[in-house]
Amino acid sequence: MVASDFLSQSVETALNQALAGMKPVSRVEDCALQLAANRVLARNQIAPHSVPDRPTSAMDGYALSLDHLEKNANSLENSRLRVLGKSLAGHAAPKCSPDDGCVRVFTGAPVPEGFDVVIPQEFATEDSEGLVRFRSDTPARKGSNIRARGEDISEGQVAVPRGRMLGPREMALLASLGIASVSVFRLPIVAVLSTGDELVNTGQPAGPTQIFDANRPMLIQMTRRLGFEVRDLGIVPDNPRELTERLRAAADEADVVLTSGGVSVGEADHTRRVMEALGEIAFWRLSIKPGRPLAFGHLRNSRGERTAFFGLPGNPVASFVTFSAIVRPCLERVAGLEMRPALLIRAQLTKPTKKQPGRTEYLRCSLRRQPSGLYEAEILASQGAASIKSLMDADGLAVLPEASGPMAAGDWVDVLPLEV
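All residue numbers for the sequence shown refer to this note's numbering, where the first residue is 1 and numbers rise by one.
By construction, these hints were calculated from the structure, which means they are not laboratory data.
Wrong hints could be hidden among the right ones.
Result set (BS3-like, lysine-lysine): computed pairs, CA atoms no more than 30 Å apart in a straight line [unchecked claim]: (1) K71 / K142; (2) K71 / K23; (3) K95 / K23; (4) K389 / K355; (5) K86 / K23; (6) K23 / K289; (7) K289 / K142; (8) K142 / K86; (9) K354 / K389; (10) K95 / K71; (11) K86 / K71; (12) K95 / K142; (13) K289 / K354.
Cβ-Cβ distance ranges computed for the label pairs, FRET-style [claimed, not checked]: (14) N16 / P417: 21 to 31 Å; (15) S183 / S302: 22 to 32 Å; (16) G410 / I211: 33 to 43 Å; (17) G178 / D411: 21 to 31 Å; (18) R169 / T202: 27 to 37 Å; (19) R169 / A342: 18 to 28 Å; (20) M22 / L344: 18 to 28 Å; (21) D411 / D232: 37 to 47 Å; (22) G143 / S366: 45 to 55 Å; (23) D411 / A342: 14 to 24 Å; (24) D414 / R169: 23 to 33 Å; (25) T350 / L88: 52 to 62 Å.
We put the beta carbon where it would ideally sit given N, CA and C, even for glycine.
Work out the full structure: start from the sequences and follow the hints.
Next up, the structure:
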């Protein structure tokens, strides 16, 4: 293989082409809510009732009617209102008329009908006869400190949309609606393997020319964080027959196959022959740094179906960057997740940064939040494609656009924050 065999692609073009080749999972499963963490919702979840389902108090205090006071030309500070009863969370509100006084209420308790404000208890004094006076500086406005019916969500509203991963916030909202079971897409399966005679698993003795496999544990963790089921297929030596068998098995059991190593110009000859024998694979030279070589395509499984395939570079940081830029959005599409742009932080460079036009660069950086609320990005000194330590030390990846040249201190860049 020569360099010209590789197709040159921008990151954007490669991503769009790869996304077009992704097939979302379609099988839907019913799942108990308590077991649905990190699953992807397959149908819009509609609120069966409003939350709250009646007006409730937002704090401890006294519920009364400003309407009643206004009709009787009374001011709040000149009124002495009798306590007609108490309203507690989890209990029905007392039946009483706002014309007769006020009601002691507590946070989360129902506000009796006809009462239009809750005065915080720190602005009130209740005497031994059950009469309440209010301070002259009492803030009082109709509706204050009362959560209206449906204030959080209304009956019939979409509570959680199709395609949303069920995290802690979504789970809390669904639980507040009393929803015990949800419809989710089946868990996609990703098979992960590393290639190379030089690799050895952690916990095993390494020969003088061998290194420990860092990519596979990294890619497995990155994939699991997306909510996928992972098949760890281990390390495959530089043996075409064994690679063929392992990839064929992976294509049969997985929705996506990820490999690392064996895709650069100098090392990809046998890998290319194996992949092309099993399916349709394009070798790309991405306009990206680090992570230029990438293989993408589909393997044919024993059922005649196509299984998406990504061959990532062997250098750990290059593998991390290409996964973040290309693979992750594709896996999200396979999972049925709603497609949303990556969250980026805008930051100013603290020092000049060398760059040549022609490649999108992802530079490891630390982030500092200034008193103004703006962020500064300091590019780390170590930017080698194999420097895992600098990847661990980084807060994010500063994204320098393909067309840009050298960057000056104070220039603004987008930073892709790294997960903690």
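> Which of the listed hints are not met by the structure?
Replying inline: 2, 3, 5, 7 and 17
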